[in-house]
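*Asks:* Take the two lone chains, each set in its own frame, and fit them into one complex as the hints suggest.
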Amino acid sequence: MSIVVYPDKCTGCTLCVKACAFKAIEMKAREGTPRKLAVIDLDKCTLCGACVDACAKFQAIEIKAEKESSSDLSHYKGVWVFAEQREGKIQPVAYELLGEGRKLAQELKTDLAAVLCGGEEIEEEVAHLFAYGADKAYLLHHDELKDYKSLPYTRAIAEVLTKHKPEVFLLGATTMGRDLAARLAIRIGAGLTADCTGLDIDPEKKILRQTRPAFGGNIMATIISPNNRPQMATVRPKVFRKADKQDGRKGELIKFNPVINPEDLVVKLIEVIKDESVKVNLTEAEIIVSGGRGIGEAKNFALIEELAKALGGAVGASRATVDAGWISAHHQVGQTGKTVAPKLYIACGISGKIQHLVGMQSSNTIVAINKDPDAPIFKVATYGIVGDLFEYVPLLTKKLQELRG
Amino acid sequence: MNIIVCIKQVPDTTEVKINPETNTLIREGVPSIVNPFDENAVEAALKLKEKHGGKVTVITMGPPQAAEALKTCLAMGVDEVLLISDRAFAGSDTWATSHTLAQAIKKLGQFDLILCGKQAIDGDTAQVGPGIAEWLNIPQVTFAVKIEAEEKKAKVERMLEEVNEVVETPLPAVITVVKQINEPRLPSLKGMMRAKKTEIKTLKADDIQAEAKNIGLNGSPTQVVKIFTPPPKSGGEKLEGEANEIVDRLVAKIKERKII
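If you read the sequences in order, they're chains A and B.
When the first sequence is numbered by numbering that gives the first Met the number 0, its final residue is 404 and no position is left out of the sequence of numbers.
When the second sequence is numbered by numbering that gives the first Met the number 0, its final residue is 259 and no position is left out of the sequence of numbers.
Heads up, a few of these hints could be off.
In the DSS-like style, the derived pairs of lysine-lysine whose C-alpha atoms are separated by at most 27 Å in a straight line are [as the list claims (entries may be wrong)]:
no.	chain 1	residue 1	chain 2	residue 2
1	B	K225	A	K108
2	A	K22	B	K203
3	A	K273	B	K145
4	A	K342	B	K257
5	B	K195	B	K252
6	A	K337	B	K154
7	B	K50	B	K189
8	A	K43	B	K195
9	B	K257	A	K102
10	A	K267	B	K225
11	A	K63	B	K154
12	B	K257	B	K105
13	A	K370	B	K254
14	A	K164	A	K249
15	A	K278	B	K225
Think of the hints as simulated: they come from the structure by calculation, not from any bench.
With the rest of the complex left out, here is chain B (with noise of 0.2 Å):
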C-alpha cells in the first residue's frame, strides 16, 4: 500500500505560559514537536504497511524549520519524507493548507491511503483532512479510532460523540485519526542516525503548481484580524471548615446559581 500522512510541526502548546505582567503568551522556549495527532497518523501508516507491504511518505507544509518534524518521522521509521516549503505559502489558512498539501500529493503518484491527524494543537482547527479530500475528489473519514484495509477497501471505526460508526470506503481516501487509534512508536537509535544523514528534499510553489490565488495569505479566504489573550484566571474560593459544613455551602452555592 502507497501510504502519505500528512503532519505538522507545532509549538508544544501544553508548555505554553503567560507572561504574568503583560498577559501575553511567552513563546520562547517551548518546544516544536510533531503534532501529536499526526504521530498517531504516522503510527497507524506504519502499522498498515507492517501488515500489507508497501510504502510510507511523510509530507508537510511548513518553514524550512519543519524538516526536524520530518526527521521525527524518518527516525520512527517512514520510507521517505518531503518538506513543501516556500514563503508564498506564509500566512496560509485552512484552504491555502489543503490546497497546497493535495497538490504536492498530486506530484507524489499513485497513493492508496492519505493518513491526517484529526486536527493540530496549535491552529485546532480539524479542517485540512477533509479539505485536502475535497480538492482531490476522494472520500473522507473522519475521528478514526481502528483502520482495517484491504485491495481496494478500508473498514474504518469512528469515534463519534455517544456511539462508534463503522464505515467502508473505496480507496484511494484520506482518513483523519484519533489520538485513541494507537500507541505512537519511539523513534529507534539506528533511526535517529538515518534521519540525521538525510538531507530533506523541498518543494516550492512552482514545484507543484500552486495556484498563486489558493496560497498564503492572499489565498486564504479567512484572515485573523486580532489575537489576544484571554483574561486571567483569578483561581476561586477555597471552602474550608468541617466535612459537613463544607457540603453543606456549597450545595448552597450550586442552588444559589440556579444550577438545580
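Same shape as in the complex, but just chain A (with noise of 0.2 Å):
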C-alpha cells in the first residue's frame, strides 16, 4: 500500500501542501518546467487523504491499496440492531437505528432484526420492537445481561453475531454502545465506524457507506469496510428519525441463552450516583436551553431552567459554567462535554468557542442571545439576539408560558 503523486498531473499548486496536517508535502523542483512537483515523506505520511481530497481538481495523487481479498461475503444476510435498554426500558436510539435501518435492508433486499439483552421481564418489550419495524427480534435472556456491563455483553452479542451472520450491525453512540462496540468489533473482527451522521448503500457493491464528522466536526469522512463482516456503525441519537409506530405488527421472536463465563464477571457494580440536577437526558432532549458565562452567577440557572421548563426542554451549560462550579458535568455541552442535536438549541450568554460549537453545531434550530454583536456563536445561529439574556430570557419564558395557558 502507498501513496503516489502523478508527476505529469501535478500543475504545483500546493494546495496538498497545506491540506496536510503531518508536514508530510514539500514541493521539489524539477527539470523542464518552472512548476515544482509534489513529493510526499512516506515517513511521515499517515495515509490519511487529505492531500488526495485537496487535489481532487487534478486528481493526481492516489492512495494504492493492495487489491482486495476476494473471500466470499454472499453468506451475511440481515441488518440488525442493537436494542440498547436501560432499567428495562429500550432507549429511543433504538427506534431511530430501526428507522433508517429499514431503509438500508430495503436497499439490500434483506431483514431488519434487532438484538435485545436483559433478564426475565426484558420480554415485554419486545413487542415495541416489531412495532417500530424489526422482523425478528433476538432475544438474549440471562441474569447478568439485566444491567450492562462490558465484558458479559460483548460475550453474548459475539455469540450470536457469529452464529446468524448479519452483514450489518448498528449500534447507538451512547456511553454504553460506544463502550460495547468497541470491543465486539474486535472479538468478531469486525470493521466499526463511530458516530456516524450518514449510512446509505453503495448502490453496485451493495456495501454499507458510513459519513461522520473528524478532525472535531471540521471535515467529514465517508468510510467503508469492504472486506469484514458483520459492518458495524455507531449512531448518535437524534440523527435519524425514529421509524413510524404500527401498533399490534408482529414479528419473529428468537430467544437465545447465551454462555457467559465467569471470567466475564470479573467487573462488578457497586454503587450509581443519580445527579438530582439532571431531570432529562441532554442527548436525547428535543429542545435544550443553555447557559454561558454571560449568566453570571450559578443561582441565574434558574432562568435558564425556567425557560427549558416552559419550553418542556432540558439544561445545557457551557464548560466555563461547569468549571466556575455552577452546574454540575452532565449538563455541559461541547468538546469535553456532550454532543447533542436537538430540535431547538437556545443559547444564552454563550460565546460561541469552538470548543462548544463542535457540540452542539448540527441542532436544527439555534437561537443565541447575547450582547456581544460578535460573538462567534452567531455564525451558526439560525436566529441571533443581540441583547441582554437578563432582559431575553425572562420575557421569552412570559410569552411562552402564557401561549401554555
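*Replies:* Listed below in C-alpha cells is the structure:
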C-alpha cells in the first residue's frame, strides 16, 4: 500500500501541502519545467487522504491499497440493530436505528432485526421492537445481562452475531454503545465506524457507506468496511428519525440463551450515583436551553431552568459554567462534554468558542442571545438576538407560559 | 504500580480553519499537541504513582514527529517513553492501532494498569482504548472521572449520560478517562530540560511482532473512501427591533418550525 503523486498531473499548485496536517509534503524543483512537483515523505505520511481530497481538481495524488481479498461474504445477510435498554426500557435511539435500518434493509433486500439483552422482564419490551419495524427480535436472556456490563454483553452478542451472520450491525453512540461496540468489533473481527451521521448503501457493491465527522467536526469522512462482516457502525441519538410506529405489528421472536463465563463477571457494579439536577438525558432532549458565562453566577441558572421548563426542554451548559461550579458536568455541552442535536438549542450568554460549537452545531434550529454582536455563536445561529439575556430570557419564558395558558 | 499510558499526537483541531475559497481545511500552521484527553490520562497516572509508588511509561504509535508529544509527557514527569513507529503502520484504523499498541505493551513486561484518554480529537472514535483491552484480554472501564487503586484492583467512577456509576475492576485493566477527572499539570522547567536531553527509543513492527495482516492500511478493516468539508454555515438571521417584538417573532418562528 502506498501513496503516489502523478508528475504529469501535478500542476504545482501546493493545495496538498496546505492540506497536510503532518507536514509530509514538500514542493521540489524538477527539470524542464518551472513548475515544482509535490513530493510526499513516506516517513511522515499517515495515508489519511487529506491531500487526495485537496487535489480533487487534478487528481494527481492516489492512495493505492493492495487488491481486496476475494473472500465470499454473500452468506452474511440482514441488517441488525442493538436495542439498547436501561432499567428495563428500550432507549429511543434503538427506534431511530430501526427507522434508518429499514431503509438499508430495503436497499439490500434483506430483513431488519433487533438484538435485545436483559433479564426475565425484558421480554415485555419485544412488542415495541416489532411495532417500530423489526422483522425479527433476538432476545438474549441472562441474569447477568439485566444491567449493562462490558464483558458479558460482548460475550453474548458476539455469540449471536457469529451464529446468525448479519451483514450490518448498528448501535447507538451512547456511553453503552461506544463501550460495547469498540470491544465487540475486535472480538468478532468487524470493521467499526463511530458516530455516523449518514448511512447509505453503495448501489453497485451493496456495501454500507458510513459518513461521519472527524477533526472535531471540521471535516466529514465516508468510510467502508469492504472485507469484514458485520459492517458495524455507531450512530448518535437524534441523528435519524424514529421509525413510524405500528402498534400490533408482528415479528419473529428468537430466544437465545447465551453462555456467560465466570471471567466475564470480574468487573462489579458497586453503586449508581444519580444527579438530582438532571431531569432529562441531554442527548435525548428535543429542546435544550443552555447557559454560558454570561449568566454571571450559579443562581442565575434558575432563569435558564424556567425557560427550559416553559419549553418542556432540558438545561445545558458551557464548559466555563461547569468549571466555575455553577452546574454539574452532566449538563456540559461541547468537545469535552456531550454532543447534542436537538430540534431547538437556545444559547444564552454563550460566546460560541469552537469547543462548544462542536457539541451543538448540528442542532436543527439554533437561537443565540448574547450582548456581543461579534460573538462567534452568531455564525451558527439560525436566529440571533444581540441583547441582554436578563431581559430576553424572562420575556421569552413569560410569552411561552402565556401561550400554554 | 506499573502504569502504561497510551497517547496520541494530534493536530489542535480547535485551531483548524477553513479556506473560504476552496472550502478545504487549512492545516498549515496548526500546532501538534498531545491529545487533550491523553494529558488527563498522564496526569491520572502521575497522581497514582505519587500515591502508590511505581513507574509511569508513556507510549505512542505515530510518525517520527510524535516523539515531540512524548517529550511533553517527559516534561510532565513520567519515567519512560517509547515511540512505536514504522512506515508499515501508516493508514492504520482503530483495529490496527489497538493491535499495534497491544503488541508493544506485551513487550513492556509486567504492568498493573493501562490508561488512555477517552478519544482522540482528530479521529474522535473512542475505540482504541477498549480495543487494546480486548487484544490483551483484560477488563475495560471507560469514561472514568475518578480512579482509586489498591493492590490488584481499582474502584472507578464512570460518567454516563445522566448518572455516574461506580465499578470495581481487577487489575490489570484498561481505563479510559474523561476531561473532568483532573487538571493536567504543566511541564516543569526541569522536566523540559530533561525531555530535551532524552533520546527517544523507537520500536518498529518487527520489534513488537506486529502481524502484517493486522497493521497499517492493509491490516485495517475500515477504509476512508472520501474526505470532504461540510458546506459552510451561512449564519442566520439577526432579529431586530423592540424586545417584545423580537420575542413575538421568535416564538412565531419556533411554532412555524413545529418545534412546539
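*Asks:* Straight-line Cα separation of K273 (chain A) and K145 (chain B) no greater than 27 Å?
*Replies:* holds, 16 Å
*Asks:* Quickly compare the C-alpha distance for K50 (chain B) and K189 (chain B) to 27 Å and report which way the hint goes.
*Replies:* holds, 22 Å
*Asks:* Between the alpha carbons of K22 (chain A) and K203 (chain B), is the straight-line distance 27 Å or under?
*Replies:* holds, 22 Å
*Asks:* Checking one constraint from the list: CA of K257 (chain B) to CA of K102 (chain A), max 27 Å. Satisfied?
*Replies:* Judged against 27 Å, a Cα distance of about 25 Å means the pair holds.
*Asks:* Quickly compare the C-alpha distance for K278 (chain A) and K225 (chain B) to 27 Å and report which way the hint goes.
*Replies:* With Cα atoms ~40 Å apart, K278 (chain A) and K225 (chain B) exceed 27 Å; violated.
*Asks:* Between K225 (chain B) and K108 (chain A), does the CA-CA distance stay at or below 27 Å?
*Replies:* With Cα atoms ~26 Å apart, K225 (chain B) and K108 (chain A) stay inside 27 Å; holds.
*Asks:* Under the criterion that the straight-line Cα-Cα distance not exceed 27 Å, is the pair K63 (chain A), K154 (chain B) satisfied?
*Replies:* violated, 47 Å
*Asks:* Keeping to a limit of 27 Å between CA atoms, is the pair of K267 (chain A) and K225 (chain B) held or broken?
*Replies:* Violated, at about 42 Å.
*Asks:* K337 (chain A) and K154 (chain B): Cα distance at most 27 Å?
*Replies:* The hint holds at about 24 Å.
*Asks:* For the pair supplied as a hint, K370 (chain A) and K254 (chain B), is the alpha-carbon distance within the 27 Å limit?
*Replies:* The given pair, whose Cα atoms are some 25 Å apart, holds under the 27 Å limit.
*Asks:* For K342 (chain A) and K257 (chain B), compute the direct alpha-carbon distance and say whether it is at most 27 Å.
*Replies:* holds, 9 Å
*Asks:* With the threshold set at 27 Å, check whether the alpha-carbon distance from K43 (chain A) to K195 (chain B) stays at or below it.
*Replies:* Given that 27 Å is the threshold and the Cα spacing comes to 21 Å, the pair holds.
The structure fails hints 5, 10, 11, 12 and 15 (numbered hints given earlier, in ascending order).
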